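Protein chains: 2
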Amino acid sequence: MEKEVPRLDRVFIYDTTLRDGTQGEGISLSVEDKLKIAARLDQLGVAYIEGGWPGSNPKDMEFFLRAKSMPWKHAKIAAFGATCRPGLKASEDANLQALVQSGAPVVTIFGKTWDFHVTAALRTTLEENLRIIRDSISFLKEQGLEVMFDAEHFYDGYKANPQYAKEAVLAAEQSGADWIVLCDTNGGTLPQDMLAITQEMVFTLRAPVGVHVHNDGDLAVANSLMGIMAGARQIQGTINGYGERCGNANLCSIIPNLQLKMNMECLPAQNVALLTETAHYVAEIANVTLRNDMGFVGHSAFAHKGGMHVSALLKDPGTYEHIEPEQVGNQRRVLVSELSGMSNIVYKAKELGLDVNRENADTKQIIENIKNLEHQGFQFEGAEASFEVLLRRAFGEDPVPFVLDSIRLIIEKRSDAEFTSEAMIKLRVGDQVVHTAAEGNGPVNAVDNALRKALISHYPFLGDCHLTDYKVRVLDEKDATGAKVRVLIETRNHQDSWSTVGVSANIIEASWQALMDSFQYGLLKHGRVENDQMETTA
Amino acid sequence: MEKEVPRLDRVFIYDTTLRDGTQGEGISLSVEDKLKIAARLDQLGVAYIEGGWPGSNPKDMEFFLRAKSMPWKHAKIAAFGATCRPGLKASEDANLQALVQSGAPVVTIFGKTWDFHVTAALRTTLEENLRIIRDSISFLKEQGLEVMFDAEHFYDGYKANPQYAKEAVLAAEQSGADWIVLCDTNGGTLPQDMLAITQEMVFTLRAPVGVHVHNDGDLAVANSLMGIMAGARQIQGTINGYGERCGNANLCSIIPNLQLKMNMECLPAQNVALLTETAHYVAEIANVTLRNDMGFVGHSAFAHKGGMHVSALLKDPGTYEHIEPEQVGNQRRVLVSELSGMSNIVYKAKELGLDVNRENADTKQIIENIKNLEHQGFQFEGAEASFEVLLRRAFGEDPVPFVLDSIRLIIEKRSDAEFTSEAMIKLRVGDQVVHTAAEGNGPVNAVDNALRKALISHYPFLGDCHLTDYKVRVLDEKDATGAKVRVLIETRNHQDSWSTVGVSANIIEASWQALMDSFQYGLLKHGRVENDQMETTA
Numbered sequence: 001m002e003k004e005v006p007r008l009d010r011v012f013i014y015d016t017t018l019r020d021g022t023q024g025e026g027i028s029l030s031v032e033d034k035l036k037i038a039a040r041l042d043q044l045g046v047a048y049i050e051g052g053w054p055g056s057n058p059k060d061m062e063f064f065l066r067a068k069s070m071p072w073k074h075a076k077i078a079a080f081g082a083t084c085r086p087g088l089k090a091s092e093d094a095n096l097q098a099l100v101q102s103g104a105p106v107v108t109i110f111g112k113t114w115d116f117h118v119t120a121a122l123r124t125t126l127e128e129n130l131r132i133i134r135d136s137i138s139f140l141k142e143q144g145l146e147v148m149f150d151a152e153h154f155y156d157g158y159k160a161n162p163q164y165a166k167e168a169v170l171a172a173e174q175s176g177a178d179w180i181v182l183c184d185t186n187g188g189t190l191p192q193d194m195l196a197i198t199q200e201m202v203f204t205l206r207a208p209v210g211v212h213v214h215n216d217g218d219l220a221v222a223n224s225l226m227g228i229m230a231g232a233r234q235i236q237g238t239i240n241g242y243g244e245r246c247g248n249a250n251l252c253s254i255i256p257n258l259q260l261k262m263n264m265e266c267l268p269a270q271n272v273a274l275l276t277e278t279a280h281y282v283a284e285i286a287n288v289t290l291r292n293d294m295g296f297v298g299h300s301a302f303a304h305k306g307g308m309h310v311s312a313l314l315k316d317p318g319t320y321e322h323i324e325p326e327q328v329g330n331q332r333r334v335l336v337s338e339l340s341g342m343s344n345i346v347y348k349a350k351e352l353g354l355d356v357n358r359e360n361a362d363t364k365q366i367i368e369n370i371k372n373l374e375h376q377g378f379q380f381e382g383a384e385a386s387f388e389v390l391l392r393r394a395f396g397e398d399p400v401p402f403v404l405d406s407i408r409l410i411i412e413k414r415s416d417a418e419f420t421s422e423a424m425i426k427l428r429v430g431d432q433v434v435h436t437a438a439e440g441n442g443p444v445n446a447v448d449n450a451l452r453k454a455l456i457s458h459y460p461f462l463g464d465c466h467l468t469d470y471k472v473r474v475l476d477e478k479d480a481t482g483a484k485v486r487v488l489i490e491t492r493n494h495q496d497s498w499s500t501v502g503v504s505a506n507i508i509e510a511s512w513q514a515l516m517d518s519f520q521y522g523l524l525k526h527g528r529v530e531n532d533q534m535e536t537t538a
Numbered sequence: 001m002e003k004e005v006p007r008l009d010r011v012f013i014y015d016t017t018l019r020d021g022t023q024g025e026g027i028s029l030s031v032e033d034k035l036k037i038a039a040r041l042d043q044l045g046v047a048y049i050e051g052g053w054p055g056s057n058p059k060d061m062e063f064f065l066r067a068k069s070m071p072w073k074h075a076k077i078a079a080f081g082a083t084c085r086p087g088l089k090a091s092e093d094a095n096l097q098a099l100v101q102s103g104a105p106v107v108t109i110f111g112k113t114w115d116f117h118v119t120a121a122l123r124t125t126l127e128e129n130l131r132i133i134r135d136s137i138s139f140l141k142e143q144g145l146e147v148m149f150d151a152e153h154f155y156d157g158y159k160a161n162p163q164y165a166k167e168a169v170l171a172a173e174q175s176g177a178d179w180i181v182l183c184d185t186n187g188g189t190l191p192q193d194m195l196a197i198t199q200e201m202v203f204t205l206r207a208p209v210g211v212h213v214h215n216d217g218d219l220a221v222a223n224s225l226m227g228i229m230a231g232a233r234q235i236q237g238t239i240n241g242y243g244e245r246c247g248n249a250n251l252c253s254i255i256p257n258l259q260l261k262m263n264m265e266c267l268p269a270q271n272v273a274l275l276t277e278t279a280h281y282v283a284e285i286a287n288v289t290l291r292n293d294m295g296f297v298g299h300s301a302f303a304h305k306g307g308m309h310v311s312a313l314l315k316d317p318g319t320y321e322h323i324e325p326e327q328v329g330n331q332r333r334v335l336v337s338e339l340s341g342m343s344n345i346v347y348k349a350k351e352l353g354l355d356v357n358r359e360n361a362d363t364k365q366i367i368e369n370i371k372n373l374e375h376q377g378f379q380f381e382g383a384e385a386s387f388e389v390l391l392r393r394a395f396g397e398d399p400v401p402f403v404l405d406s407i408r409l410i411i412e413k414r415s416d417a418e419f420t421s422e423a424m425i426k427l428r429v430g431d432q433v434v435h436t437a438a439e440g441n442g443p444v445n446a447v448d449n450a451l452r453k454a455l456i457s458h459y460p461f462l463g464d465c466h467l468t469d470y471k472v473r474v475l476d477e478k479d480a481t482g483a484k485v486r487v488l489i490e491t492r493n494h495q496d497s498w499s500t501v502g503v504s505a506n507i508i509e510a511s512w513q514a515l516m517d518s519f520q521y522g523l524l525k526h527g528r529v530e531n532d533q534m535e536t537t538a
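Sequence lines, in order, name chains A and B.
Note that UniProt numbering numbers the first sequence so that position 21 is 21, with each residue one more than the last.
Note that UniProt numbering numbers the second sequence so that position 46 is 46, with each residue one more than the last.
Heads up, the list lumps identical chains together, so a pair's fine if it works in one copy or across two of them.
Straight line, CA to CA, 25 Å or less: simulated BS3-like cross-link-like pairs of lysine-lysine:
1. K89 - K166
2. K525 - K350
3. K484 - K371
4. K261 - K159
5. K166 - K261
6. K484 - K36
In short, the hints are calculated from the structure, not lab data.
Model, not experiment: these values are computed from the prediction.
Could you build the full structure based on these sequences and the hints that come with them?
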């Protein structure tokens, strides 16, 4: 029979962050979280949003009930489940009934296509498995639903027994499945095999083909692209590649590769620029840190460190960037590090609106100082706020909010009792002398507490600032307990976050330096209005 | 002319963790760190280790000087640099001279092959660039070195002007380059282009071809494999994919894909099982957290969460695993149970000759305690001396060398003066009361000094013990200065070295715990003879 299928001129993005993504270690989403993420995905313009497995838990069922009344602009909501159980009619299977009851217009069911899995995991016969697929698809189609068949382990199945794997997906197609989605469930398929096998199946099937791949071989993005090159027109994946083990195919990398490089439309063109924001939003909701080195959307994706790179970038950004960061809503950053030359520092200072000039003697002195600090172990690339404070100070913009008189810290342990830490700070703000003391569960915590206590009545913006991260790195570890340490502190308020650094052989001093910079930066950015008066007197 | 080149029957792994890897944001390595990592890479069996750029900073030059006297088993050490400057003879270029002076047997220089880069970044003529390449390679070959030519931006260059890109690498080949390494410097090349262009160049060149790719498109692993499929025989990459922006090609994923799936030998076969350990070791030295979801080597790479997956796994692990975790030295984890931990503990205790038995109530209690400590953040895999002390103590073998009365630590800073740290320790050894004080350049150093002062006359073996390493890792960094820290201390005497651990929200307490364990372990192993008398009274 001749194959006459409508030619699809775009790629359909099927997002499974809310279902397969939550199988990732440490990823857990409430119903509220899921609804928020789904709304964002719809705004991004994906074609399908898989909301969960309504047969498996009440949380997922609630999602579908609430999703029904939401105004979806681009996306169709899909419910996920399994084919019916061996020996059971599809119409009597509680899992399939739950899918129908979910009210989702699209239903995706997975079934076995690898003979080994049919016998070893499902523990039934190859023939019964085909009956299961046919019966399940037919039942769902009779309910008037759009039905996708996720062919679990298809690529492994094809390698083991191509005849049976084909038979299984043909059974799904003949029973009316709207899409056949070939899955690399164990995530170990190589790109060359992905291309060849998908190509073969696109020729074999009349229904449009999708691919759903996992990242165990660190190849999920490439494998998804290979699927499209072979003629598939749907990609199932997750935002930021969340998923079990090594994750699912990362849509944040797949979408720009397809749309910007392969000219395959998968989102409304203007929406590709929403990707970075979406990636960060989903990470925020899932409460996991987004990796800096993520392709396209990571904080470092367009961050340049090498001095030679930066000097070329100043001439033309195309020299060291594969796309313009704005195309995916990201931005260029120039890092300041020992590897970099003068160019990075000048670039940075200009960004801050400071009057720098390579040839100027003052500028040269400032750069010399920075290099000297770097030589001592300061590292500004993770502490941009310290760098800004340093530059502004060098250019004469020092707010000097107080004068330190003394810090004294007593750490004590008596026989079997716990360690205690107590900090005392004496300082002058304007013409007032403030002398406070505080305890903490460690020495740095005690100093932090005492400093806040001393300053908060004069600088109320501190009430909105919280330390959210504290890192310690020992430099030249071979000097053991006499070694220098570098401390990095991250501070956050309701609208911003900033990082600062300190270096010393004394961890308390290093922490103190970072705390001071954090305070000064906060004052610079968020403390101006309420403290104009203080600043003039201080 | 007919192409007659020796057929290479293996893939040469060229590691650039120590050079390109350190371009990654947040990656910074001391000379000591670099030497340690290089030793591990050699043990792993890579063919080349790029140590740094000797012309760019004194740290890298020191690496090469020290590397010369080390016993390399598998790897050749390579120094990295650039072709000579426009208008300058290669023999007069300071950068090329530094490469020769480094004493490295292999030199890798990068040069321009993209016409746009020649004019926009290098700001010279296309003809002068060819002269630069020829002159630089010839000069290095005259010094008797193995020379690699890293063709920067080759793939972008080939797309823009294939004729010139080819001319540039042919110039390198004709001048005697031993390898031509095609670089995807901006990391945006698609796998299909990678395959086609590399294939074309393998046909064009007589010299063996390598590939060096970046991960901006999230495709670096696939692109490296495409290079090999196209006939390249060298891959340049980094451990854990460290590198600028989105990183370099990740060798920890490339190696098992090549060796276990494509049957291309790149390491001695038995060494592939060292990969997980190597990945963790390098992350530890670089002091960055290894991502759990890393392919092959991540903590979650073989971690199963889905109930259905786990039940199938119990029937046959092949159902949801693409390879056996042991092949890369990793292990299966089932996220609902922690049974694997027990076996390790029992195994370890038996190794120490302790009388353990899984069914025994005492043993169960001890295992419970250890699990509890691990839950609190203790980690014994890098601190086996602490683990041994802990086990021996649990089995009633506690030397109890002294009774602590008190520790008191005062850290002070007065206005602009330096921070000072002073520790006072009071303890009883036998029936003697010892009360000492000492200063240090930081609080931990002060405690360490005071403790030694208190104990050395009773335990002279301490005179031969030195702290050689001190590491701090913040656990749950989000708790900021109130977070727990884990301290690792390494102690060494003339014949042995051992590592101990402490965990607390108070860094002084954590350090104290690690110091105590170090002392007790030292006493156990090296203090027996001279202290028999003390031990009976203590």
